[in-house]
Amino acid sequence: MRHILSLLLENESGALSRVAGLFSARGYNIESLTVAPTEDATLSRMTIVTTGSDDVIEQITKQVNKLVDVVKIVDLNEGKHVERELMLVKVRAVGKDREELKRTADIFRARVIDLTEKTYVIELTGTGDKLDAFLDAIDRSLILETVRTGACGLGRGEWIVKA
Amino acid sequence: MRGTEPRLSRAVKWYPDVQSSCTVVHGEKMKLSDAPSPIGTDAPQQLLTGAEIVCRALKKEGVDFVFGYPGGAVLVIYDEIHKQNSFKHILVRHEQAALHAADAYARATGRPGVALVTSGPGVTNAVTGIATAYMDSIPMVIITGQVPTHAIGQDAFQECDTVGITRPCVKHNFLVKDVGELAETIKKAFFIATTGRPGPVVVDIPKDVSMAKAPFHYPGTIEMRSYRPTNKGHTGQIKKAMQMLLAAERPMIYVGGGAILGDAAPEVTELVRLLGYPCTNTLMGLGAYPASDRQFVGMLGMHGTVEANMAMQNCDVLIAIGARFDDRVIGNPAHFNAGNPTRKIIHIDIDPSSISKRVKVDVPIVGNIKDVLIELLGLLKTAEQKPNPITDWWKQIEEWRAKDCLKFKYSESVIKPQYVVQKLWEVTKGDAFVTSDVGQHQMWAAQYYGFDKPRRWINSGGLGTMGVGLPYAMGCKFAFPDADVACITGEGSIQMNIQELSTCKQYDLPVKVILLNNRYLGMVRQWQDFFHGNRHAESYMDALPDFVKLAEAYGHVGMRIEKPSDVEGALKEAFALKKRLVFMDFITDQKENVFPMVPGGKGISEMILAEDL
Numbered sequence: 001m002r003h004i005l006s007l008l009l010e011n012e013s014g015a016l017s018r019v020a021g022l023f024s025a026r027g028y029n030i031e032s033l034t035v036a037p038t039e040d041a042t043l044s045r046m047t048i049v050t051t052g053s054d055d056v057i058e059q060i061t062k063q064v065n066k067l068v069d070v071v072k073i074v075d076l077n078e079g080k081h082v083e084r085e086l087m088l089v090k091v092r093a094v095g096k097d098r099e100e101l102k103r104t105a106d107i108f109r110a111r112v113i114d115l116t117e118k119t120y121v122i123e124l125t126g127t128g129d130k131l132d133a134f135l136d137a138i139d140r141s142l143i144l145e146t147v148r149t150g151a152c153g154l155g156r157g158e159w160i161v162k163a
Numbered sequence: 001m002r003g004t005e006p007r008l009s010r011a012v013k014w015y016p017d018v019q020s021s022c023t024v025v026h027g028e029k030m031k032l033s034d035a036p037s038p039i040g041t042d043a044p045q046q047l048l049t050g051a052e053i054v055c056r057a058l059k060k061e062g063v064d065f066v067f068g069y070p071g072g073a074v075l076v077i078y079d080e081i082h083k084q085n086s087f088k089h090i091l092v093r094h095e096q097a098a099l100h101a102a103d104a105y106a107r108a109t110g111r112p113g114v115a116l117v118t119s120g121p122g123v124t125n126a127v128t129g130i131a132t133a134y135m136d137s138i139p140m141v142i143i144t145g146q147v148p149t150h151a152i153g154q155d156a157f158q159e160c161d162t163v164g165i166t167r168p169c170v171k172h173n174f175l176v177k178d179v180g181e182l183a184e185t186i187k188k189a190f191f192i193a194t195t196g197r198p199g200p201v202v203v204d205i206p207k208d209v210s211m212a213k214a215p216f217h218y219p220g221t222i223e224m225r226s227y228r229p230t231n232k233g234h235t236g237q238i239k240k241a242m243q244m245l246l247a248a249e250r251p252m253i254y255v256g257g258g259a260i261l262g263d264a265a266p267e268v269t270e271l272v273r274l275l276g277y278p279c280t281n282t283l284m285g286l287g288a289y290p291a292s293d294r295q296f297v298g299m300l301g302m303h304g305t306v307e308a309n310m311a312m313q314n315c316d317v318l319i320a321i322g323a324r325f326d327d328r329v330i331g332n333p334a335h336f337n338a339g340n341p342t343r344k345i346i347h348i349d350i351d352p353s354s355i356s357k358r359v360k361v362d363v364p365i366v367g368n369i370k371d372v373l374i375e376l377l378g379l380l381k382t383a384e385q386k387p388n389p390i391t392d393w394w395k396q397i398e399e400w401r402a403k404d405c406l407k408f409k410y411s412e413s414v415i416k417p418q419y420v421v422q423k424l425w426e427v428t429k430g431d432a433f434v435t436s437d438v439g440q441h442q443m444w445a446a447q448y449y450g451f452d453k454p455r456r457w458i459n460s461g462g463l464g465t466m467g468v469g470l471p472y473a474m475g476c477k478f479a480f481p482d483a484d485v486a487c488i489t490g491e492g493s494i495q496m497n498i499q500e501l502s503t504c505k506q507y508d509l510p511v512k513v514i515l516l517n518n519r520y521l522g523m524v525r526q527w528q529d530f531f532h533g534n535r536h537a538e539s540y541m542d543a544l545p546d547f548v549k550l551a552e553a554y555g556h557v558g559m560r561i562e563k564p565s566d567v568e569g570a571l572k573e574a575f576a577l578k579k580r581l582v583f584m585d586f587i588t589d590q591k592e593n594v595f596p597m598v599p600g601g602k603g604i605s606e607m608i609l610a611e612d613l
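So the protein sequences, as listed, match chains A and B. Residue numbers for the first sequence follow the numbering used here, beginning at 1 and rising by one. Residue numbers for the second sequence follow the numbering used here, beginning at 1 and rising by one.
There may be inaccurate statements among the hints.
Restraint ranges, calculated between C-beta atoms of paired labels, are given here [claimed, not checked]: (1) A/Leu154 to B/Ile608: 28 to 38 Å; (2) A/Thr127 to B/Gln46: 54 to 64 Å; (3) A/Val161 to B/Thr221: 51 to 61 Å; (4) A/Asp129 to B/Arg358: 31 to 41 Å.
Covered by chain A, according to a simulated footprint, are these stretches of chain B (three or more residues, beta-carbon under 8 Å) [as the list claims (entries may be wrong)]: (5) 168–176; (6) 388–399; (7) 413–420.
Simulated from the structure, these hints should not be mistaken for lab results. Computed from a predicted structure; not experimentally measured. Glycine is no exception: its CB is placed at the ideal position from the N, C-alpha and C atoms.
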């Protein structure tokens, strides 16, 4: 099953490789991993999307928690949460496709953030499913390149992850 | 992250308090005069070089031995070591041995082992020693030299990415880029290495940091928001465990190395005696419960006794104490579970990730074993219910025990390796520090030298590192100069660190090397006989040196023993030579195998016994 793990870790050089190294050393999956400093510059927040049985997820959580740089880890799937991912798509936008791509982008509430005579760069935020759906909705042959950030998420309401 | 500068100490607050003295790790009080100057005073602060800070910090930690090998990146530190006398530096002949010796010092004393090596090859040579300590959770602090900060990443001479190379085999590691953070980093290293589940911690110090100056502030205690090991067990869980133990009809107590690391052998012994239940120790747990006691059913696992393995497989309540259900212990976990799906398991461990890792546990208790057992013992003593007498279960165990699975045929003509170990036990009255290398001799040592005390059996259980035996013996001898120290080894293993005979000469270490020489890589040969159609691919040791002459060349006493009738006399003679290292080359039976044996991937009740063949 897919799980979103949210970590607070010391913002130190090497902290990322400790986490990434643990996953590869113990053969755990990483579907996506995203990390950046938080409002407290000494801390980074990392979101890892992984898959595994409940036993595997429990082991991952325990092993990650054991890393000295990790201050906290929560499995967002244990409660209600929101999740978002950002995608940028560069598409070939000429002729009748140009109009159609814009229309589809509007339907998905995506925005065109760069345009040339022949291309658009479209920005789209949402769950992974929504991003997939957008790619399915447009003509695949028009896609020049895509980049996705991987998911990040927060617990809903009063569920707060603090150091 | 994202190219920001490393932050080593933001999380740690150090508020010096000169009014009250501070407690350091070993519980001794820092003297008032040692305390750092209070912030805000105008007194000029003495500036120390990084190298001086290293020496002062080690002194504060009460370190008495540093095992190491000098080189370019640590020359400044060595220069300071030369000027001080609070600890002794032991010069080995290869960095790997420095790590092993420091590791054994920690295993034998319970205090952290300290090693010092240079950058590049110094570090890569040390990696085997670090990984060995990591796998067995041994508290160590390893100081490594690094090329100057400006040269890092330039492929400088003797540069390697120490933090990167050691990351997967340390509990934690640090690269110190600012001399101002050096003292606190060393404090953190000792704190992390010795608390929670212990382990090795590497502190990598670039040469310019050793030369730069800073005031010396050594924190008495340290707090880290990202590292707070759980020590106290959950009382509710401990109660549950007690009820489960009292209700048991076929109980089993399974004790691992964690009980020794946690200094909980007395509590383990009290618990086993109070309950009257059978007890087994793992390879790493030998000595946690006295081997000479009737309630001890022997070591369990791949080469465990019939009674231990059968009781482990067939019990209805199993309490695991500082053990991790390793593959060499329970064999195939699917077989272990399927053979007995109703068995209830209680697991006490300081490391939550050891619990339910290979075997699902019913009552997990995370905490310091000693504290948890003290609480459990308190509950048991005041409980109205008494443990079941379990007469039928003991009867069953005695039937298994009656198989006498460790018996071997004594021979008049050829020396049986088991016999040497038995005689060693007699000659040393079962009270020596016994180190071993890895292979058949290691298993025979574990099976036939009955350890009654913790920290007497020093071997590489997790990583299974050949070559540890001699440096391990050195570490024990430095820690306990008056004790008998025997290194049981094989002709394969001993040659992996034989250069240390030179170190033993330099420091006059009268260890006794018990070489069980069967001219084979015995355990490899045994597996080849069992599972590879008797094809001995590269397992014969050809062109062996004359070990007697070799020992003599290093300045020691060499003996070759070829007749069983000479074994006892030779051992007595060797141990009577109190001041000499004696290298005893026992020419043993080439064909002897270790039994019982659980083939890899099988369940622990699927043993092959000597009598089956």
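These are the hints, each one checked on the structure:
For leucine 154 of chain A and isoleucine 608 of chain B, the Cβ-Cβ distance of about 57 Å falls outside the hinted range of 28 to 38 Å, so the restraint is violated. A hinted range of 54 to 64 Å holds for the C-beta pair threonine 127 of chain A and glutamine 46 of chain B, which are about 60 Å apart. Roughly 27 Å separates the CB atoms of valine 161 of chain A and threonine 221 of chain B, a value that falls outside the hinted 51 to 61 Å. Taking the beta carbon of each, aspartate 129 of chain A and arginine 358 of chain B are about 35 Å apart, inside 31 to 41 Å as hinted.
Coverage of a stretch by a chain is defined here by at least three residues with a beta carbon nearer than 8 Å to that chain's beta carbons; for the region 168–176 of chain B and chain A the count is 4, and the condition holds. With 0 residues carrying a beta carbon less than 8 Å from a beta carbon of chain A, the region 388–399 of chain B misses the three-residue requirement, and the given coverage is violated. Closer than 8 Å: that is the beta-carbon criterion, and the region 413–420 of chain B has 0 residues meeting it against chain A, so the requirement of 3 is violated.
Going down the numbered hints, you'll see the structure goes against 1, 3, 6 and 7, while the others check out.
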